[in-house]
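Residue numbers (my numbering), protein chains in the order written: chain A, 241 to 600; chain B, 241 to 600; chain C, 241 to 600; chain D, 241 to 600; chain E, 241 to 600.
Hint data in this document are derived by calculation from the structure and do not stem from the laboratory. Virtual Cβ for every residue (Gly too), placed ideally from N, Cα, C. Be careful, since some hints might not be right.
Partner residues aside, some chain C positions facing chain B, computed with beta carbon under 7 Å [said to hold, decoys possible]:
1) Ile539
2) Met546
3) Phe550
4) Pro552
5) Gly561
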Amino acid sequence: MLRKKIISRFSIRNKPGEVPGALHFIGEQKTDSPFIRNMTYDVKSLAESPKIFSNYTSLLEKLTSENVNWLDIEGLNDIKLMEIIGKKFMLHNLLLEDVLNTTHRPKIEEFENATLVIVKMLSYNKIECSIVSEHISLVLAQNTLISFQEVEGDVFEPIRERIRHSSGKIRVKDANYLLFTLLDAIVDNYFTIIEHIGEELEKLEDLILANPSDEVIKQIHYYNRQMIVLRKAVWPLREVINGILKGVGKVVNDNNELYFRDLHDNTIQVIETIEMYKDTISGLRDLAFSNISNKMNDIMKTLTVMSSIFTPLTFIAGLYGMNFDNMPELHSRYGYFAVLGVMISILITLLYIFRRVKWL
Amino acid sequence: MLRKKIISRFSIRNKPGEVPGALHFIGEQKTDSPFIRNMTYDVKSLAESPKIFSNYTSLLEKLTSENVNWLDIEGLNDIKLMEIIGKKFMLHNLLLEDVLNTTHRPKIEEFENATLVIVKMLSYNKIECSIVSEHISLVLAQNTLISFQEVEGDVFEPIRERIRHSSGKIRVKDANYLLFTLLDAIVDNYFTIIEHIGEELEKLEDLILANPSDEVIKQIHYYNRQMIVLRKAVWPLREVINGILKGVGKVVNDNNELYFRDLHDNTIQVIETIEMYKDTISGLRDLAFSNISNKMNDIMKTLTVMSSIFTPLTFIAGLYGMNFDNMPELHSRYGYFAVLGVMISILITLLYIFRRVKWL
Amino acid sequence: MLRKKIISRFSIRNKPGEVPGALHFIGEQKTDSPFIRNMTYDVKSLAESPKIFSNYTSLLEKLTSENVNWLDIEGLNDIKLMEIIGKKFMLHNLLLEDVLNTTHRPKIEEFENATLVIVKMLSYNKIECSIVSEHISLVLAQNTLISFQEVEGDVFEPIRERIRHSSGKIRVKDANYLLFTLLDAIVDNYFTIIEHIGEELEKLEDLILANPSDEVIKQIHYYNRQMIVLRKAVWPLREVINGILKGVGKVVNDNNELYFRDLHDNTIQVIETIEMYKDTISGLRDLAFSNISNKMNDIMKTLTVMSSIFTPLTFIAGLYGMNFDNMPELHSRYGYFAVLGVMISILITLLYIFRRVKWL
Amino acid sequence: MLRKKIISRFSIRNKPGEVPGALHFIGEQKTDSPFIRNMTYDVKSLAESPKIFSNYTSLLEKLTSENVNWLDIEGLNDIKLMEIIGKKFMLHNLLLEDVLNTTHRPKIEEFENATLVIVKMLSYNKIECSIVSEHISLVLAQNTLISFQEVEGDVFEPIRERIRHSSGKIRVKDANYLLFTLLDAIVDNYFTIIEHIGEELEKLEDLILANPSDEVIKQIHYYNRQMIVLRKAVWPLREVINGILKGVGKVVNDNNELYFRDLHDNTIQVIETIEMYKDTISGLRDLAFSNISNKMNDIMKTLTVMSSIFTPLTFIAGLYGMNFDNMPELHSRYGYFAVLGVMISILITLLYIFRRVKWL
Amino acid sequence: MLRKKIISRFSIRNKPGEVPGALHFIGEQKTDSPFIRNMTYDVKSLAESPKIFSNYTSLLEKLTSENVNWLDIEGLNDIKLMEIIGKKFMLHNLLLEDVLNTTHRPKIEEFENATLVIVKMLSYNKIECSIVSEHISLVLAQNTLISFQEVEGDVFEPIRERIRHSSGKIRVKDANYLLFTLLDAIVDNYFTIIEHIGEELEKLEDLILANPSDEVIKQIHYYNRQMIVLRKAVWPLREVINGILKGVGKVVNDNNELYFRDLHDNTIQVIETIEMYKDTISGLRDLAFSNISNKMNDIMKTLTVMSSIFTPLTFIAGLYGMNFDNMPELHSRYGYFAVLGVMISILITLLYIFRRVKWL
């Protein structure tokens, strides 16, 4: 059941008292064997390695420091690979620990030889109708960008295409620009999710206005929780990009500042839309509750009208059902019809009153 | 259906992985062919071009750098025109991308050759009863102000009149003052909308106090959502004007600071009024809910009074409708009238009690 | 109807596209012809002009720059007078525009030749039971203080008395101290209103605890809206006095800083009391809602008790009202009395149960 | 009635237009004749005056500037005494005005010859079951500390004992440390009140869980208001102590900084506990409301079960009470018993259904 | 009963007027006799003392200033021991007072000879189903770390193991790193609790969706209060670690900064998860309330359907139970069956109507 994950995703951690910086994978394992691939390019040349699953060392030896290297690791559960990469790029163990902790919140941190950027890739799983969050770590070590993904993904494929076809400025620029490109792809993905939720909220609103069934409150609850998940992923991203703009890790420079500022704008827009949706959901909840109240009112009205009309009539009928010896009306010739007349006048009077107070 | 747009307006974005800075129109296309017009003026002279739909280049060549030029483009879907203007004024592609992204939030950004100000023009569509938001981009490049509007609009027409008749100080001042004038016209427009909503809220309050029908909660929901839209447009505007006052893009100078400070005051006042309306709407919701509760109470009271009065009476009638052989009361001469008397006393007693507890 | 004004008071503005700085009165016109009067004093001398309605120029010529002048204009709708004063003291048109815009929020602004302080005088209209807000502008130009009021008022009369009788330090001090005195009188007035509302809230609380009629929710709504009005007037005042203390317009100096700090204390106290009242009102609303719920519960209890007691009894009566030929009980000698006994035992049992669950 | 005071305590002020700095007592007068006493001490000597009610001047003349003097005035309504003290220590009139205004909020203010600290002493009045707030002003003028209390109090008695017995460091230290000691005693007193309220809230929670009578909501309302009073007294105290730590009035020095920091910690703890109680009260309100709802549900269930069972049975009885000539069932030998059987089966079926849906 | 403690835990303090800095234990005494043990280590050597209960002095004399000493005191109620330690390390009395005050909030404070860090160890008591908070004080005096625990605990045992087996870097590093290790163990413990609560909330959500009994609201109340307790423990911890990172007590240096930053990340994650849980709980409350409303609606529907169906039928039966002499229908041959037919049609019609409005 998916709901389970939403709550527990952020709470798994290493056991109390463990050595800090010890490498072990934290979270839900999503793939069996990781693979690794590399693109080395500059404005003129491009060398692309195939996906490989072992024999990493030869691949790592080929990396050159003149060109931009993009090392992409998909799958996090091979601790040995992590240690090899760590050694090759002289990465701090705490950095690798954060890469392996898929429950870690988005952040940017500058280490001695590298800068670590952690973000969450969100995608919408249409089968389970839920937001799936993937832990993405981007490590910038000089001119090499290492991207760690939890599973084999295709969201960076368009960027690979752009590198291959040298479209845009990507081949002219350095690894910092590549970092920007990856972050931009991730943020663009948020817009897809947000747009999807926007459409769902519209449908929900129509549903509430048309027929507020009990299901509606559960759905509101469900979207509210998705907003909580989204918020947890996106709010810290703002700090990350603010950090970049303030110069953490020397990622930003005169050539790419405008791009990171643009990214910042987009992140703000995602955040504002999420907040707007939270307000909208809260408005929908009020609307749904008021509709439930109105339904109750309608039920009560029906009950009251039916009871109020028939109670006096039944009393009158009961009255003349009494068995007293001396009840003169019973023996009058038109007594029955007179009583019927009285009943009909009471009925009409009550109907008129209920119509006036708008209960009918 | 208009409501749809309110939710989705802010969520459309370019596809993940696309080249950043690539020019394409984002949003809902509102016009077919854009046109362009120009006013070139200084204190003595004024040259006004007619609206034209093609042959932009000749118009662009006539721009002089001594006088103030106001280039007004209405309609955003001609990418080629954008590229020509971009080349002419050496504008960064990211600037043009923001101009074309009608979902972008208001902001001010300083580029190398120009300063971009994005704001939202709001107008009230009386037929659809909704707030319509238009994306306005103002680009200040030296002494030229370029204004981009989504559709042909008439809100800047009074300013054109002032330029033509040289009324006020507009002909004496530079392009920065022209920027102020356009922003001032937009903010003044917000007041119109706010005043309109204020009147609607008054009517709504009268309605709630008079006759709280179910429709009322839906209307409150509707106005609440309009407030969300307004807020999204106006809050970032404050940052924009703060940015100007802090010197972004060197828009502000000794000659016009007072005017921009006045604009700032007005923006604050719009924001405060929106917040006040949010409070008011929330108060109205409480009032409406309490009225619904009171209606329920009235219904329950009626039911209770009717049931409580007739239940014992009907019981008594039923009692003497029993067919036991030996029921002495039935044969007493005045039994029937005695029972009627008892019933009437019960009725009076109950009516008295209900009146004392204020249910009647 | 007064409520109308509460909502719309802050929303009237000049028409979009108008020349900024053009003088015209904005708001609701409250007086026909303004008048003007002047006090010129120093520690030794005092010259007080009578109220005059025309021939302003002679009065303005008599102003001396050695002594403190207090020019008091009551009534804002004489644009010509404004222009004369503006010319005499070389005031910026934007300053005069703010003076004439009775919807402008409180602020302090330093212009070249003068400092403008805008505040709201609040008074309680006992006939209409509402808070009336008056736009007061105080302009400090060297040693002259010009006060603009919307209507002829008497709140500054005690200050005039103090000047006439040279009581306190007012005659020894400069125009800045006079500004303090006027602001102090206005803030003291806020306390009167706040005290009045405090008393009303006490009465309301007593009412809710005693007899929560439907009227109560409307009153809570009404006081909540008055709090919104008060807040809009007082919150910006804090910024104004903070501005003075920070040196805007060089109003504050070694001689009067303690007085302005005292004023600041008082403003904070007004704000805190308003916030406390908001909390109190929100608590009263909860109390009132819970009382309405309790009333509902009481009604339901009555209904349930009455129905539950008589439903089984009526059933039994109905049972023996059936006309079957063969019903042995009907012919037993004491059947009727046995049934009566059964009914009474049921009655007693139910009464006992309802008393145990505290419904009686 | 005590509740009255809670609301109005903070709203009494001098009349608009009065001379600022004029001395007059503001608030509720709590004592008739103030008295004054003095302790003059250093590490070796201690001179303690008796409580006196008049002839202040001789007492004031005996004060020495070498030793620490603690002048304690209990009762504020002797304006003449105030003026004498003011003259003796050259205190500003605004300082004395704040001392006499028992509605003034806690603050610290540095004057030319003295530093004024205003705090609120809170005590719990067990008879009236309410928090009583007393206005305490502490004036530090060189080596003399003057404490002004509204009524004769015993909260400083333990400190007098410590001075007499030279316990702790109090005799070694200066007047600043004495100020700390008095503030510490006041803050310690807050803990007593907070603990008392904590216990009351526990009792309230037990009551809500056991038997949510209507009284409970009133009590929640009552505690909520006490929290508002507490907050008003304690929040500004934090600013006061922050002010001291930041060097206002040169109260803090290397010898006593640790003590004032400790005091700061305690104040934060009081504030956090108050906030925690506010959350707790709000949680209790939700609990109480939900209990009221549940009670309503129980009532409704009873009503529904009783009505639903007897309505069909009564109908059947009524059916065979009809007087049609031709009703074959009536004449069947076992018709009556068959009908009784049908009734019993209906009864059992309904009971079974109601048990399954958990209404029984 | 445990709930009691949650409220009162933070409110016990020393009596007003007591000497500040006087040593006495505050809080609930949890152990009888404290014991003390010591580890002295550097990279090469390790000397570990056994747990001892008396003769502290010899142990204290053996401490060397070259190696790292970890003095662990478990149990706080031996004031004499405190005084001995205080004298040995020249600790300020206020420091010891905070160590002994188990109600003190987490903080970091730099004293002359030592730095005090106070945190709360939280553990989940499975028997009482509640969070238990333990007061932990860590005193860093040069190369000696003194840890004070309320009771004998085992949470630091893994760290002792690491020291014994020289695993990780702990033996290479100084006492500051030891401080980090202890704090890290405590924060890791928070994750255990948070994960536990996360699982409980999932179960609660399933329960609410399946069968919202009255118990649910009490449980929500209970978890909400646990969140309040957690918050009180964790929020100040962030300030503590921020303080460390900002250089308070010179705890942080180039060698351990990364570790403390990692700790900071973890604390933020705990706080964010707590806030997320608060949101989740609030969403669950809404869900539960709406379910209670729906249950009420279902009850009302049943009542209304039963009453509305049988009321008219019973009336008709009553009508023909009247005893008028002249009622032609009674004597018609098929009158009874006609009436039965009418009743059945009414029944079918009402059932159809109730089905259409979805009440059946």
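So, going through the hints one by one against the coordinates:
1. Nearest Cβ of chain B to the Cβ of C/Ile539: about 5 Å, under the 7 Å cut. The hint holds.
2. A hinted interface residue such as C/Met546 counts as satisfied when its beta carbon comes closer than 7 Å to some beta carbon of chain B; here the least separation is about 4 Å, so the hint holds.
3. A hinted interface residue such as C/Phe550 counts as satisfied when its beta carbon comes closer than 7 Å to some beta carbon of chain B; here the least separation is about 4 Å, so the hint holds.
4. Here the hint on C/Pro552 is broken, as its CB sits about 10 Å from the closest CB of chain B, past 7 Å.
5. The interface hint given for C/Gly561 is met, as the beta carbon of that residue sits about 4 Å from the closest beta carbon of chain B, less than 7 Å.
This entry does not satisfy hint 4, going by the numbered hints stated previously; all others are met.
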